[in-house]
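**Student:** For reference, the chains in residue letters:
2 protein chains.
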Amino acid sequence: MTPKRKAKFERTVAHRQFDLTVILENVHDHHNIGAVLRSCDSVGIHEIFVLYNEPQLQKEYLELGKRTTAGTRKWLDVHYYTDTEACFSAVRERYDHIYATHLSRSAKSLYDLDLTRRVALMFGNEMLGLSDEAMQHADGNFIIPQMGMAESLNISVACAVSLYEAYRQRELDGAYDPVDLEQPRRAALLEKYFALHESGSNRGKIRRKGSKK
Amino acid sequence: MTPKRKAKFERTVAHRQFDLTVILENVHDHHNIGAVLRSCDSVGIHEIFVLYNEPQLQKEYLELGKRTTAGTRKWLDVHYYTDTEACFSAVRERYDHIYATHLSRSAKSLYDLDLTRRVALMFGNEMLGLSDEAMQHADGNFIIPQMGMAESLNISVACAVSLYEAYRQRELDGAYDPVDLEQPRRAALLEKYFALHESGSNRGKIRRKGSKK
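Protein chains in written order, with this note's numbering: chain A, -1 to 211; chain B, -1 to 211.
These are calculated hints, taken from the structure and not from any lab test.
All C-beta atoms in this analysis are idealised placements derived from N, C-alpha and C, irrespective of residue type, glycine included.
Among these hints, one or two may not hold up.
[Said to hold, decoys possible] A partial selection of chain A residues facing chain B, derived with a Cβ cut-off under 8 Å:
| # | residue |
| --- | --- |
| 1 | HIS13 |
| 2 | ASP39 |
| 3 | ALA148 |
| 4 | VAL155 |
| 5 | ALA158 |
[What the hints assert, rightly or not] Cβ pair distances, simulated, as ranges:
| # | chain 1 | residue 1 | chain 2 | residue 2 | range |
| --- | --- | --- | --- | --- | --- |
| 6 | B | HIS95 | A | GLY172 | 28 to 34 Å |
| 7 | B | HIS28 | A | SER87 | 40 to 46 Å |
| 8 | B | ASP110 | A | GLN181 | 25 to 31 Å |
| 9 | B | ASP175 | A | GLN167 | 22 to 28 Å |
| 10 | A | LEU170 | B | VAL177 | 28 to 34 Å |
| 11 | A | SER107 | B | HIS28 | 27 to 33 Å |
| 12 | B | VAL177 | A | GLU196 | 56 to 62 Å |
| 13 | A | GLN167 | B | PHE192 | 36 to 42 Å |
Excised from the complex, chain A in its bound form (with noise of 0.2 Å):
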């Protein structure tokens, strides 16, 4: 591993945010969840909950399953659920404001919204938003302000307004600040970094080897 390379996870590492968390509803479009990914890495969220409990979109779901981790989702732990019960329960045992957008109901700005708590963001299916079943379990419910004719914003940029928002807060607050390396938690997710990294370089060298593709 080159040091630059090094540097970059122990910054990473470091930056990591153990209470901000995004959950995707019956989110089906892969680009869409794939932005959101990219998103979620870039303010420092390490875990994210994805929720298919539409029996229609469950089959996305097992082919999700079957896909090896690449990119930007091999630094992240996506948790798959079919079972909104569990997803919850999984969820609350880590996080303690749930915050939903859905746009029929009373609802602040985002901009209202202390993001600098332990916070679970929770966006919907593309066409439906979230299922009333989801709603149960959220604390409060959010909007990002429209001023203009279109009524709502693609999910994955939804999604990185309102974790940016997060960061801006956060950021204030020194949730970014320099941390211990060696706390538990941080050096687990560090040592895990390095393993993963190293077994990509494996597999690239098996595959220049001896794989056809």
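Once you've looked at the hints, dock chain B against the given chain A.
**Tutor:** For chain B alone, coordinates are given in the frame of chain A:
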């Protein structure tokens, strides 16, 4: 026109920010341009500048020029240029500060910019970024902080995050407070939107009567 529709036009015109714009240089993916237009509309931008100074991309420009305005594009003026100098002369007539996103130059954080001023934000080609020619017109360079393994954000995501930071600053600064819709500039824009709406309704009627598609 329904009272609801009329109120929406009035609200949109009241929120239009005549001192905020976007310049896109050689952005070739139509989905990206579409997403950028939607974000622009959502924060109140009323015009953007689309520059194709790369000969290889000018066919895209011609294609775009041929398309009829539809969707969000209808509510924004999109100014197309193939000549860099002509483009920036037009921008300078109305905007004082041009901020670029260029990874390899020394840059401020987005969050350290004052976006309440007469500002144009400039984004470059998906692969190549901004040209040196365009950079010569920039008054400053900014980055969206990246805390993870990914090096950059998709252009539509980067643009939305930047524009919503402008929204946040401007909202605090009173830029979306009630205004007099009889100000000549706003009155003219409102009249234009009403006319566009009428012509759109008529086109709809003609289509329903006679056209095959």
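**Student:** In ascending order, which of the hints set out earlier in this document are inconsistent with the structure?
**Tutor:** No numbers; nothing is violated.
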